[in-house]
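S.K.: Can you build the whole structure from these sequences, using the hints too?
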Amino acid sequence: MLKILVAEDAAMIRGALVALIELEPDLKVVAEVDSDDDILPTALFYQPDVAVIDVDQPGFGGLTAATQLRERLPSCRTLILTSLGRPGLLRGVLSASAGGFVLKNAPPSHLATAIRNVASGRRAVSSDFAVATWSSDGVPLSPREHSVLRLAGDGAEPSEIAASLHLSVGTVRNYLTAIVAKLHARNRVDAIRKAYEAGWLP
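As numbered in this note's numbering, residues -4 to 197 make up the sequence shown, in order.
Don't take every hint at face value.
Here are the computed lysine to aspartate or glutamate pairs in the EDC-like style, where the Cα-Cα straight-line distance is at most 20 Å [as the list claims (entries may be wrong)]:
| no. | residue 1 | residue 2 |
| --- | --- | --- |
| 1 | Lys177 | Asp4 |
| 2 | Lys99 | Glu155 |
| 3 | Lys(-2) | Glu17 |
| 4 | Lys99 | Glu19 |
| 5 | Lys23 | Asp44 |
| 6 | Lys(-2) | Asp29 |
| 7 | Lys(-2) | Glu19 |
| 8 | Lys99 | Glu17 |
| 9 | Lys(-2) | Asp33 |
| 10 | Lys23 | Asp51 |
| 11 | Lys(-2) | Asp44 |
| 12 | Lys99 | Glu140 |
| 13 | Lys99 | Asp4 |
| 14 | Lys(-2) | Asp21 |
| 15 | Lys99 | Asp29 |
| 16 | Lys177 | Glu140 |
I should point out that these hints are in silico values taken from the structure, not numbers from a laboratory.
M.R.: Take a look at the structure:
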């Protein structure tokens, strides 16, 4: 019997995932969480074989949680769920050493198969997800915007970014505003998180 942890912030979707998984005779959900902050401590307590994690979890993000699990609980494999194949997300999944990823609109049978594959050490890659990722246009930011966001991701303030790139502080702020808009982010921190999860920042 494989023990499963489900991490999904939307209660209705989380309940559907749990019900779907428990239809399988060899799978049992031992824990469910709605926040990234709870994934690692819950996993350390319940020792699941596989953690099914929504990539867009509130907090620091699903891929960060997957990386933490790899480091602190290597016996627990991770399967990432996402609603769309964003450019670069495949690289992010691989860099986090997640076992694979599945689109939320994939046929229900794909989820159980992916969980079993991940638990056995095989990669679980949704073909629709891979096609959506690889056929996309790539990073939506200009090279200059990417440089600004990379420095912001390193913790630099606008004045420090301006000095580093030989720009005015006002220009840097304009770049940051454009970046937030292009990434459909709530603010600069959210834009940095999305860029890391999409694999656009190292």
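S.K.: Would the hint linking Lys(-2) and Glu17 be met if the CA-CA limit is 20 Å?
M.R.: 10 Å, holds
S.K.: Just to be careful, I want the Cα atoms of Lys23 and Asp51 compared with a cutoff of 20 Å; is the pair within it?
M.R.: Given pair Lys23, Asp51 is violated - Cα atoms ~23 Å apart, limit 20 Å.
S.K.: Starting from Lys23, check that the Cα of Asp44 is at most 20 Å away, please.
M.R.: 10 Å, holds
S.K.: Between Lys(-2) and Glu19, does the CA-CA distance stay at or below 20 Å?
M.R.: Since the Cα atoms of Lys(-2) and Glu19 sit roughly 12 Å apart, the hinted pair holds (cutoff 20 Å).
S.K.: Lys177 and Asp4: Cα distance at most 20 Å?
M.R.: Violated, because 24 Å separates the two Cα atoms, which is more than 20 Å.
S.K.: For the pair supplied as a hint, Lys177 and Glu140, is the alpha-carbon distance within the 20 Å limit?
M.R.: 10 Å, holds
S.K.: Are Lys(-2) and Asp33 close enough, with their CA atoms no more than 20 Å apart?
M.R.: Between Lys(-2) and Asp33 the Cα gap is close to 17 Å, so the pair holds against 20 Å.
S.K.: Given the hint that Lys99 pairs with Glu19, test it: the Cα-Cα distance must not exceed 20 Å.
M.R.: Holds: Lys99 and Glu19 sit about 18 Å apart, inside 20 Å.
S.K.: Decide if the proposed pair is consistent with the structure: Lys(-2) and Asp44, CA atoms, cutoff 20 Å inclusive.
M.R.: 5 Å, holds
S.K.: Next pair to validate is Lys99 with Glu155; report whether the Cα-Cα distance is within 20 Å.
M.R.: 40 Å, violated
S.K.: Is Lys99 close enough to Asp29, meaning Cα to Cα at most 20 Å?
M.R.: With Cα atoms ~16 Å apart, Lys99 and Asp29 stay inside 20 Å; holds.
S.K.: Measure nothing beyond the straight line between the CA atoms of Lys99 and Glu140; if it is 20 Å or shorter, mark the hint as holding.
M.R.: The given pair, whose Cα atoms are some 31 Å apart, is violated under the 20 Å limit.
In terms of the numbered hints stated before, the structure departs from hints 1, 2, 10, 12, listed from lowest to highest.
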